[in-house]
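Make a model of the complete structure from these sequences and hints.
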Amino acid sequence: MSDTNYGSKRLVVGAHYGLRDWLSQRVTAALMALYTLLLVVQLLFGPKLGYVRWASIFSQQWMRFASFVVVVALAWHAWVGMRDIWMDYIKPVGLRLALQVLTIVWLVGCAGWAVQVLWRL
Amino acid sequence: MADEQRPRPVFRNIHVTDIVAYRLPPAGWVSILHRISGALLFVLLPFLVWLLDVSLTSEISYERFTNAFIAGVGFMPAFLIKLVVFALIWAYLHHFIAGVRHLWMDATHSVSQSQGHLSALITLGSSLLLTLVLGAKLFGLY
Chain F
1 MSDTNYGSKR
11 LVVGAHYGLR
21 DWLSQRVTAA
31 LMALYTLLLV
41 VQLLFGPKLG
51 YVRWASIFSQ
61 QWMRFASFVV
71 VVALAWHAWV
81 GMRDIWMDYI
91 KPVGLRLALQ
101 VLTIVWLVGC
111 AGWAVQVLWR
121 L
Chain R
1 MADEQRPRPV
11 FRNIHVTDIV
21 AYRLPPAGWV
31 SILHRISGAL
41 LFVLLPFLVW
51 LLDVSLTSEI
61 SYERFTNAFI
71 AGVGFMPAFL
81 IKLVVFALIW
91 AYLHHFIAGV
101 RHLWMDATHS
111 VSQSQGHLSA
121 LITLGSSLLL
131 TLVLGAKLFG
141 LY
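Heads up: the protein sequence lines correspond to chains F and R, in order. Numbered according to the numbering used here, the first sequence terminates at residue 121, and the numbering increases by one at each position without gaps. Numbered according to the numbering used here, the second sequence terminates at residue 142, and the numbering increases by one at each position without gaps.
Worth flagging that the hints you see were computed from the coordinates, not collected in a lab. Keep in mind that the hints are not guaranteed to be accurate.
To be verified - Listed next, the stretches of chain R that the computed footprint assigns to chain F, with coverage defined by at least 3 CB atoms under 8 Å from CB atoms of chain F:
hint	segment
1	79 to 88
2	96 to 102
3	124 to 132
To be verified - DEER-style ranges, computed between Cβ atoms:
hint	chain 1	residue 1	chain 2	residue 2	range
4	R	S61	F	L38	42 to 52 Å
5	F	W119	R	R8	22 to 32 Å
6	F	R53	R	Q115	13 to 23 Å
7	R	G140	F	L23	26 to 36 Å
8	F	S24	R	L24	42 to 52 Å
9	F	Y17	R	P9	14 to 24 Å
10	R	L24	F	V93	29 to 39 Å
11	R	G74	F	L23	41 to 51 Å
12	R	S114	F	L19	26 to 36 Å
13	F	L39	R	Y142	47 to 57 Å
14	F	Y89	R	F139	28 to 38 Å
To be verified - Pairs of lysine to aspartate or glutamate, DMTMM-like flavour, derived with a Cα cap of 20 Å:
hint	chain 1	residue 1	chain 2	residue 2
15	R	K82	R	D106
16	F	K48	R	D18
17	R	K82	R	D53
18	R	K137	R	E63
19	F	K48	R	D106
20	F	K91	R	D18
Given the structure is predicted, the values throughout are model-derived calculations rather than measurements. For each residue, glycine too, the CB sits at the ideal point set by N, CA and C.
Structure (structure tokens):
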């Protein structure tokens, strides 16, 4: 079996793509959930919410650190999820590839914009 | 050699058009809504970043942010913006709670039929309830 395992008879198994996506989807989700809780706690406790308090939450150095990590996690998470959707419903290979490329463009663009917003504070 | 001629099996996913035809159990609703809410958040991601942008950049832009919910922005009336934000609130909450349900099932192996049924109902109920509470605030009911 193993010495003829190439060419058109090649067994395409064992690349662990499934496990990698499954795990990264959960790790990024946990990071985003934790960030959400941190943000909600800061919003709930404190004086009346206005621009100054809202902006000061995001301008703390540790929040910038956390926000950047979460922006990256979100883009990664959305990539895995959207890729699953395209793979499930879009069968023509060319169209699927085009949509996957657009997804990456969309996510990288949004992530860059979000980082720009956070880092000029 | 003969097995090369055999057509590859096709495993169908539940298509969007099937949703109306299938009678889904609560866990099925949580699952397809998890996917729909995720796609909605993905599509409206630039709107969310725009909200972050105008709310954070300066006090003047913050004014534009709050005004979007009072007088609207450009061709978008305030009511429409509130409606979109309302949909996003639901999408975020459903996606969040359904995701926590996934993590909880992974961690505790709580995958019996009755546990899945109950946690699906809790997911649907709590996300809708929280959406209504926050939505009431959004539309100025309290």
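Outcome of the hint check:
A stretch counts as covered by a chain when three or more of its residues have a beta carbon under 8 Å from one of that chain; for the segment 79 to 88 of chain R and chain F the count is 0, and the coverage is violated. Check result for the segment 96 to 102 of chain R against chain F: holds, 4 residues qualifying (beta carbon to beta carbon below 8 Å, three or more required). Counting residues of the segment 124 to 132 of chain R whose beta carbon lies closer than 8 Å to any beta carbon of chain F gives 0, which falls short of the minimum of three for the stated coverage. For the pair S61 of chain R and L38 of chain F, the beta carbons lie near 24 Å from each other, so the given range of 42 to 52 Å is not met.
The given range of 22 to 32 Å is broken by W119 of chain F and R8 of chain R, whose C-beta atoms sit roughly 49 Å from each other. A beta carbon spacing of about 41 Å between R53 of chain F and Q115 of chain R contradicts the range 13 to 23 Å that was offered as a hint. Roughly 43 Å separates the CB atoms of G140 of chain R and L23 of chain F, a value that falls outside the hinted 26 to 36 Å. Separated by about 28 Å at the C-beta atoms, S24 of chain F and L24 of chain R break the suggested range of 42 to 52 Å.
The hinted window of 14 to 24 Å between Y17 of chain F and P9 of chain R holds, with their beta carbons roughly 20 Å apart. In this structure the hint that L24 of chain R and V93 of chain F lie 29 to 39 Å apart at CB holds, the actual value being about 30 Å. Hint check: G74 of chain R to L23 of chain F, Cβ distance near 42 Å, so the stated range 41 to 51 Å holds. About 29 Å separates the C-beta atoms of S114 of chain R and L19 of chain F, a value consistent with the hinted range of 26 to 36 Å.
Checked against the given bound of 47 to 57 Å, the beta carbons of L39 of chain F and Y142 of chain R, roughly 22 Å apart, lie outside it. Checked against the given bound of 28 to 38 Å, the beta carbons of Y89 of chain F and F139 of chain R, roughly 34 Å apart, stay inside it. As the CA atoms of K82 of chain R and D106 of chain R are separated by approximately 36 Å, the hinted pair breaks the 20 Å bound. Distance check on the hinted pair: K48 of chain F and D18 of chain R sit about 47 Å apart at the alpha-carbon level, beyond 20 Å; violated.
Distance restraint check for K82 of chain R and D53 of chain R: the Cα-Cα separation of roughly 18 Å lies within the 20 Å cut-off, and the hinted pair is therefore satisfied. A distance of roughly 19 Å separates the Cα atoms of K137 of chain R and E63 of chain R; the hinted pair therefore holds under the 20 Å criterion. Proximity of K48 of chain F to D106 of chain R is assessed by CA-CA distance (about 39 Å); at most 20 Å being required, the pair is judged violated. Taken as a hint, the K91 of chain F and D18 of chain R pair is honoured in the structure, with Cα atoms around 17 Å apart against an allowance of 20 Å.
Hint compliance for this structure: hints 1, 3, 4, 5, 6, 7, 8, 13, 15, 16, 19 are broken, all remaining hints hold.
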